[in-house]
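Q: Spelled out from the first residue to the last, the chains are:
There are 2 protein chains.
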Amino acid sequence: MSGVAHASQQSSMRDFDLTKYLAGVTVRVNRALDGGLPRASAKPATIHRAMRYSLFAGGKRMRPALCLGAAAACGGQEAAAMPLACAVECIHTYSLIHDDLPAMDNDDYRRGKLTNHKVFGEGIAILAGDALLTQAFELAAQCRGWPRYSHQDVFLELTRASGSLHLIAGQVADLEAEGRSIAPSHLRYIHERKTSALLCCSVRLGGMSANCTPAQLRALTDFGFHVGLAFQVIDDILDVTQSSEQLGKTAGKDTAAKKATYPAIVGLDRSRRIAEALTRKAFAALGVFRGRAAALEALAEFLLRRDR
Amino acid sequence: MSGVAHASQQSSMRDFDLTKYLAGVTVRVNRALDGGLPRASAKPATIHRAMRYSLFAGGKRMRPALCLGAAAACGGQEAAAMPLACAVECIHTYSLIHDDLPAMDNDDYRRGKLTNHKVFGEGIAILAGDALLTQAFELAAQCRGWPRYSHQDVFLELTRASGSLHLIAGQVADLEAEGRSIAPSHLRYIHERKTSALLCCSVRLGGMSANCTPAQLRALTDFGFHVGLAFQVIDDILDVTQSSEQLGKTAGKDTAAKKATYPAIVGLDRSRRIAEALTRKAFAALGVFRGRAAALEALAEFLLRRDR
Chain A
1 MSGVAHASQQ SSMRDFDLTK YLAGVTVRVN RALDGGLPRA SAKPATIHRA MRYSLFAGGK
61 RMRPALCLGA AAACGGQEAA AMPLACAVEC IHTYSLIHDD LPAMDNDDYR RGKLTNHKVF
121 GEGIAILAGD ALLTQAFELA AQCRGWPRYS HQDVFLELTR ASGSLHLIAG QVADLEAEGR
181 SIAPSHLRYI HERKTSALLC CSVRLGGMSA NCTPAQLRAL TDFGFHVGLA FQVIDDILDV
241 TQSSEQLGKT AGKDTAAKKA TYPAIVGLDR SRRIAEALTR KAFAALGVFR GRAAALEALA
301 EFLLRRDR
Chain B
1 MSGVAHASQQ SSMRDFDLTK YLAGVTVRVN RALDGGLPRA SAKPATIHRA MRYSLFAGGK
61 RMRPALCLGA AAACGGQEAA AMPLACAVEC IHTYSLIHDD LPAMDNDDYR RGKLTNHKVF
121 GEGIAILAGD ALLTQAFELA AQCRGWPRYS HQDVFLELTR ASGSLHLIAG QVADLEAEGR
181 SIAPSHLRYI HERKTSALLC CSVRLGGMSA NCTPAQLRAL TDFGFHVGLA FQVIDDILDV
241 TQSSEQLGKT AGKDTAAKKA TYPAIVGLDR SRRIAEALTR KAFAALGVFR GRAAALEALA
301 EFLLRRDR
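Chains as they are written, first to last, in my numbering: chain A, 1 to 308; chain B, 1 to 308.
Incorrect hints may appear among the rest.
Pairs count within a copy or across copies, as identical chains cannot be separated in the list.
Below, a list of computed lysine to aspartate or glutamate pairs in the EDC-like style, where the Cα atoms sit at most 16 Å apart [stated by the list, open to error]:
| hint | residue 1 | residue 2 |
| --- | --- | --- |
| 1 | K118 | D108 |
| 2 | K43 | E176 |
| 3 | K43 | E192 |
Since the hints were made in silico from the structure, they are not lab data.
The model shown is predicted, which means the values in this text are computed figures rather than measured ones.
Could you put together the complete structure from these sequences and hints?
A: Encoded structure:
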């Protein structure tokens, strides 16, 4: 299956049916999101239809899967992690709605469907993003709290990852780098914030929901950080190599917008090797879980090999 | 001073120097906000300058004053309420930045200064709003928690007031009512959500930070709800009666945009009587505090009599 995983990991991954796992996660996360949000008919219906339009637009639920996979690796229950898995998905979706706006990346399609503002107009799309961000914190507040991790720890984890020093910093730096020549170190700064911060937060929250040990939390941080970076390098590669149809969004946008990307700076081949090296580092971090991190291993491999 | 307050309240209000109180609150809230946000130079500097531009644009700090006033009425310490006072101000500021965008109310001026998107561009203004909303929850997470009210209670209070069923619902309903004839009951629905929800949340959080009794929390809820409605009726009146120079923002915008307002629906005189009646109800709620709510009384009177 892979030249990246260690031999022992390859055997546990062979036994792990990722397709089945992801299908199950998607059903359960969608059910939890559906129950956690106001109904589509709740007044004013426009905003709730707009929130649900993007939230149920066929997202791969990678962040919830990583969150739930981390909880499982630490021996936790899925029900305890679910409010946090839903929260990170709401934050991810809000960031996509706002990034797609004409004042930002100006995208008409996302996951093969019209973007939020193309359907509901810019004003409602901005408000739908705002509402999903707020909803994320409301969902997170519904978690239980654990002996090692309080509600306060959970909120600070989530607000820091999505705030002006991380997720939003990445989007700002990305906007500002358009059309400019930047160093690989600055590109890595952008990727760490734009993608890695929330992915890392997803696995950390999963661990916290299982009342994980400090050593487990460090391992999850290391894993999430490197998987997040690999994820964004692959995203950059797919933008160059895949068609719009395959991606479900406009391909070649990065090149057209003169965006800073790994292929643009170091070329395609080296970009692929960087993504593999990052995934190897992510695998290495999982040693402490002694085979219980099969879902995380399979997810990291899948994210490296995906074609959309 | 007033025909609205009861005789006993008039005497306690006479002894209360609101100008001095507000000046002190403003200095201390500004200091806490300055210390609570990333520095203007923090990378990427653009987003932090944009956040601070609107946060320190000369706002009257009414929500923090109400929050701290409620804490004082319940015998609490200002330091315990301050993270929550700062959180509601960040939420208020984010909502103004997004409301002023071209896709929403399209305003060029706010508090006599150019609006955020006129200075930083639409993309950064959207992100600055997002960042202030996230920052609000980070600040709120820094509160201590109290015997009667946990971090979870504080978070649910804040997310509900600012979510898609309240603050954001108000903005959506306001957008949708433009140019349409609506019933007074629907206008009240809009005002309850657009303005009253966050004002009410401000005083409730102040009470919670003082570990208030359930009876005190009910009184604060009643007070905040009615003060919030009165505040918005006065806002509507000022839009008709004051010049842009006096308001520091474009006057007459409501009429130009065919917005639903109290003066448009019931006329100026009846609007004034409605604002007075609402303020009377707010005063009546403060009876349980037996004279310790002087700041709240003076603030309600001030909000009724203000000319900008």
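Q: Could you run down the list of hints and mark each one as holding or not?
A: Hints versus structure:
no.: 1; hint: K118 / D108; in the structure: within (7 Å within a copy, 25 Å between copies)
no.: 2; hint: K43 / E176; in the structure: between (38 Å within a copy, 12 Å between copies)
no.: 3; hint: K43 / E192; in the structure: between (38 Å within a copy, 13 Å between copies)
The structure shown violates none of the earlier numbered hints.
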